[in-house]
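Trainee: Here is how the chains run, residue by residue.
Number of protein chains: 2
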Amino acid sequence: MNDASSTSPSPTAAMLVIGDEILSGRTKDRNIGFVASYLTQLGIDLKEARIVPDETPEIVSAVNALRARYTYVFTSGGIGPTHDDITADAIAAAFGVGIDHDPRAVEILKRWYEGRAELNEARLRMARIPFGADLIENRVSGAPGFRIGNVHVMAGVPAVLEAMMDALAPSLARGTPVGSVSIDTGLGEGRIAGPLGAIAKAYPTAIIGSYPYFDGGKHATVVVVRSRDSAVLEAAAAAVHAMLADLA
Amino acid sequence: MNDASSTSPSPTAAMLVIGDEILSGRTKDRNIGFVASYLTQLGIDLKEARIVPDETPEIVSAVNALRARYTYVFTSGGIGPTHDDITADAIAAAFGVGIDHDPRAVEILKRWYEGRAELNEARLRMARIPFGADLIENRVSGAPGFRIGNVHVMAGVPAVLEAMMDALAPSLARGTPVGSVSIDTGLGEGRIAGPLGAIAKAYPTAIIGSYPYFDGGKHATVVVVRSRDSAVLEAAAAAVHAMLADLA
Numbered sequence: 008m009n010d011a012s013s014t015s016p017s018p019t020a021a022m023l024v025i026g027d028e029i030l031s032g033r034t035k036d037r038n039i040g041f042v043a044s045y046l047t048q049l050g051i052d053l054k055e056a057r058i059v060p061d062e063t064p065e066i067v068s069a070v071n072a073l074r075a076r077y078t079y080v081f082t083s084g085g086i087g088p089t090h091d092d093i094t095a096d097a098i099a100a101a102f103g104v105g106i107d108h109d110p111r112a113v114e115i116l117k118r119w120y121e122g123r124a125e126l127n128e129a130r131l132r133m134a135r136i137p138f139g140a141d142l143i144e145n146r147v148s149g150a151p152g153f154r155i156g157n158v159h160v161m162a163g164v165p166a167v168l169e170a171m172m173d174a175l176a177p178s179l180a181r182g183t184p185v186g187s188v189s190i191d192t193g194l195g196e197g198r199i200a201g202p203l204g205a206i207a208k209a210y211p212t213a214i215i216g217s218y219p220y221f222d223g224g225k226h227a228t229v230v231v232v233r234s235r236d237s238a239v240l241e242a243a244a245a246a247v248h249a250m251l252a253d254l255a
Numbered sequence: 008m009n010d011a012s013s014t015s016p017s018p019t020a021a022m023l024v025i026g027d028e029i030l031s032g033r034t035k036d037r038n039i040g041f042v043a044s045y046l047t048q049l050g051i052d053l054k055e056a057r058i059v060p061d062e063t064p065e066i067v068s069a070v071n072a073l074r075a076r077y078t079y080v081f082t083s084g085g086i087g088p089t090h091d092d093i094t095a096d097a098i099a100a101a102f103g104v105g106i107d108h109d110p111r112a113v114e115i116l117k118r119w120y121e122g123r124a125e126l127n128e129a130r131l132r133m134a135r136i137p138f139g140a141d142l143i144e145n146r147v148s149g150a151p152g153f154r155i156g157n158v159h160v161m162a163g164v165p166a167v168l169e170a171m172m173d174a175l176a177p178s179l180a181r182g183t184p185v186g187s188v189s190i191d192t193g194l195g196e197g198r199i200a201g202p203l204g205a206i207a208k209a210y211p212t213a214i215i216g217s218y219p220y221f222d223g224g225k226h227a228t229v230v231v232v233r234s235r236d237s238a239v240l241e242a243a244a245a246a247v248h249a250m251l252a253d254l255a
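Protein chains in written order, with our numbering: chain A, 8 to 255; chain B, 8 to 255.
Hints in this document: simulated from the structure, not taken from any laboratory.
Cβ coordinates follow ideal geometry from the N, Cα and C atoms, glycine included.
Be a bit skeptical, because a hint or two may be false.
Stated by the list, open to error - Quick partial rundown of chain B residues pointing at chain A, CB under 8 Å, derived from the structure:
no., residue
1, Gly40
2, Ala43
3, Ile58
4, Pro88
5, His90
6, Trp119
7, Arg146
8, Asp173
9, Gly193
10, Ile214
11, Ala245
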């Protein structure tokens, strides 16, 4: 079997995190790492991530730059009921479409809040969806996300974002997943850099990364070999093991 | 005393994380959160963060977009000794300057490796510094970072990046730190959204954020009031407490 990636290029993606609280340091983002791992498993290449504040022009400009460039865009944050939740309006502005209470979303919220809490004006705000968008189910807290064009708009609370990724994943085109082999060399980067560079040159279609870590007393390095072609992956990983045997 | 921020605008900043390993999900970034909190304490507003892969055109284009727009840029990743460490060359390309072994950096590496390890060709690569740059001290692992123009180039290993931030911080212009008050309301966002929006309108110079969290069984919300003006901060926080007393 030939490598599928040589004939059909893999889908690409960008992640856009929207929220002052990440940029102030108050909240540590967990969504980029989650989406990165999730997309890697689907064979979709996350090529870029951005974090922008809760400001309409910043959101509009980032969404328009990213959606023009990548197969998919995923956003997190700013779709709740409060005054600082401006993402839905900003996405509508980015696409140049209107926005209003969506009857499908209103119905979902009615069912969700029945017997739980009053569906007040603020909660109803979460049914405001740009014209032409599809809804993304939220089994954790009711209020849906949405997809418009190639942009998937999700909540910022990690448990909700994770449920929304599960809900939307079946609609995504997938690529050949990138296989990877991690090798903890036990050696500092400076020790392995020369021969590792030669291996990287010998296997130009493999992506060979060198990730130093420092565990308090010792500097060491994990080498990660990545490829969509399993034969290349195995050969390059074997070369790294042979290099370590030589250095020992 | 008047609010200093009304006369001298606060410095702004962007963070650029360079590394395939973050975008593949293999490594979870910790540097953005660290730099965000660090700059907030200095009164510098982090306005944007980006993560790009280890690809020269991506690094060049992000650095040039960000350095034109913000007072400072901080980068992490890609300045080690291995073949995939291309940040220093990419920064030189972004500034249109040459790059070579820097005598000051070579001297630092000679002293660092003396009695520890051989200063081989790969390790010497870490002394390649763009022309016109100043060095940033690295007391954790020797090899320096550098500053060129308004761009500060640091290592990706968190312990090293943190040491480099400490080393470079005295050179940064500071703003009036943004004061903040966090109030855990114990209530869902939909309950507080209406009156909180009214408070946000009444205190337009305060930044009032609403941060829902989900702890398994319960949806609740932390409200964060932020302002550089302590009188505004206290008044807006008092209004939030009064709102909660009304809702109780």
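Trainee: If a hint holds in the structure, say so; if it doesn't, say that too.
Mentor: Verification of the supplied hints:
1. Gly40: holds, 4 Å
2. Ala43: At 3 Å from the nearest chain A Cβ, Ala43 of chain B passes the 8 Å test, so the hint holds.
3. Ile58: Holds. Min distance 4 Å.
4. Pro88: holds, 4 Å
5. His90: holds, 4 Å
6. Trp119: violated, 10 Å
7. Arg146: violated, 12 Å
8. Asp173: violated, 16 Å
9. Gly193: violated, 14 Å
10. Ile214: holds, 7 Å
11. Ala245: Constraint on Ala245 of chain B not satisfied, violated at 18 Å.
The structure is inconsistent with the numbered hints 6, 7, 8, 9 and 11, although it conforms to all the rest.
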